[in-house]
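Those protein sequences? They're chains A and B, same order as listed.
Under numbering that gives the first Met the number 0, the first residue of the first sequence is numbered 0, with each subsequent residue one higher.
Under numbering that gives the first Met the number 0, the first residue of the second sequence is numbered 0, with each subsequent residue one higher.
Don't take each hint at face value.
In silico contact screen, one side only, chain A against chain B (beta carbon under 10 Å); selected entries [claimed, not checked]:
(1) E44
(2) M161
(3) Q192
(4) L196
(5) E242
(6) L257
(7) T262
(8) L263
(9) R267
(10) A272
(11) I274
(12) P275
(13) G276
(14) P278
Read the hints as simulated data drawn from the structure, not as lab findings.
Predicted, not measured: the structure shown is a model, and the values here were computed from it.
Backbone N, C-alpha and C fix where the C-beta goes; we use that ideal spot for every residue, glycine too.
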Amino acid sequence: MSAAGPLLAVEDLRVSFSTEDGTVHAVDGISYELAQGATLGIVGESGSGKSVSSLTTMGLTRAQGADISGRILFGGRDLLSLPESDMRAIRGNDIAMIFQDPLSSLHPFFKIGAQLIEAVRAHRDVSEASARSRAVELLGLVGISDPRRRVEEFPHEFSGGMRQRVMIAMALANEPKLLIADEPTTALDVTVQAQILALLERLQGELGMAIVFITHDLGVVAEMADRIAVMYAGRIVEMASAELIFSAPQHPYTWGLLRSIPTLAGPREQELAPIPGSPPSLIKRPSGCHFHPRCAYSQPEHAVIDPPLEPVSLKDDHQVACLLSAEERQQIWSELEASQGPRPAPTVPQGAGE
Amino acid sequence: MSASEPLVQVRDLVKHFPLTRGIVIQHQVGAVKAVDGVSFEVMAGETLGIVGETGCGKSTTARLMMRLLEATSGEVRFQGTDITKLSGGALKAVRREMQMIFQDPYSSLNPRKTVGSIVAEPFAIHGLEKDRAQRKRRVQELLELVGMNPEHYNRYPHEFSGGQRQRVGVARAIALSPKLLIADEPVSALDVSIQAQVLNLLRDLQHRLGLTLLFIAHDLSVVRHMCDRVAVMYLGKIVEIGPGEELYGFPRHPYTGALLSAVPVADPSRRRATRRLLSGDVPSPANPPSGCRFHTRCPKAQERCTLEEPLLTAQGTGTHAACHFPLTREELAGMGVRSAR
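With the rest of the complex left out, here is chain A (with noise of 0.2 Å):
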């Protein structure tokens, strides 16, 4: 897709906040790429460190105290080491963010126009009547109708879908070459989040832009994503392209998300194969593979080596880290295909390790 590499490289970056609890470990050695115009999806649940690694990518966590390492090249260029100064020319410029709940990224007092302004503006030394006619046309652009009028409006007079259409409009301002879209319809009905996804990539048709996209929802990331990262703990289980990801999964915990989800096709009566317990801490965090209390297939000494992230075969780019030898998790993936059946669960004391 690029001619002169990929657009982010994030390499081996690590993430933790101090707490009186201990160091939470919230990112902990992380590296992907993401080429110009491509879409990666990150997935993962509550506490996996994705929203963590995509705020400090926007430079978002530095005031927090967090003890970052590792690097983040934008377009050739370590974020990390750049002072705030030009950290905050680079954010809602090169790349914009968007987030989970419209309504607290609006706000509430000043007119949804005088707020688009504010975005143009920051970045382009342009007039307030050429901003304000930015504003209307970022407005029509996200499929506003009427825009001339609505940008007289306040946020409380948007319904949910339309705030999070401002939310877009603003991220595109200043045409970004990255766009970061944390959860960006997880606090929207389906037929609305239908309409957002749609937007987004026609806009990045348009565009051109390359998207992060962080969910936890494997429907959304498979419409979405030319790539996928799993996330578990702070870390990437396991990495490739959207296709592989759903056809071939490699890493048991990839196999458990895509099994305990209820689908609109295949036999209702299949039970559900939850995953036992539940997230760990990530102040103590299990020993070895992170992911090893939870895994039906996990051998004594998962329990003491942490597995590194590694290519699958050679021929494909595909990455996951996990100790089972790739002949095993070929065998239990086809199995469980075959099965469609619930698998026995293994038994982890419920309420252990809360």
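Chain A is fixed; fit chain B onto it per the hints.
Just chain B now, kept in the frame of chain A:
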């Protein structure tokens, strides 16, 4: 799963929340028509699902059935008795038979009480299991039944994760062996890997205890998995109701079709298929559209739809839909809905 006789019959249930203006002298200027003439039956032993988007009235319907809200009109018959007219001891006796689980396991448990006393509270309210040791044993049995460690009797809600807290909520709800359990978005606040645990628990308990379940959710896949019959609500009305298999296989109401079309499919090879996007947002329930309430967003709307309100009628394909121009199979295929069969 004998769907022989109805446990609950809801008839023309209406709830209007008044909109008032003025501070000292208030006068009503309108009403939010949250639930506006809803009728359905819940058969003993079945799971009925109610789906719909924000503001369609699904939670209000549940609260009216529990008498947590007073209905504006209509009736809710529980085992033949209209509970909207009951009071005092008679109401308390009925409430024993119907219990509720809420969406947010964080705010529905009192943080200052131990898990044991939270689960024991229904016994205290109804004056049952007066012997302390006996009550404790019952609570521990309940905790075990919902898959928790009975030793955790003395712990507080904050010591548990969301999924565990939701289990506590379930234990409390089944403490009095109710006949009807109403679950209002019981898994939408939980992580995906935990959702399946709670869904399996509810199914398992239903089989073991013979519960009748009213399951309210916005997630169509979850509702399909859980429910025998499904009702789809839009702006305070049921637009389609029927057995899950038929409703998901061949939805007749354009809104049901649009909902199914909008669900993202966890299969990248099927992405960017034909999908029909609904335009616009749900109109305000304070001022719903005339005629069919869906006509402002409906791709098939004609003049008749703006004038004449459609009634729920049998469609010959298993469901009842309230639509003048129900979907055909060809139209459905054009919407990219992958029907179950």
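Numbers of the earlier hints that this structure fails to satisfy, in rising order:
none
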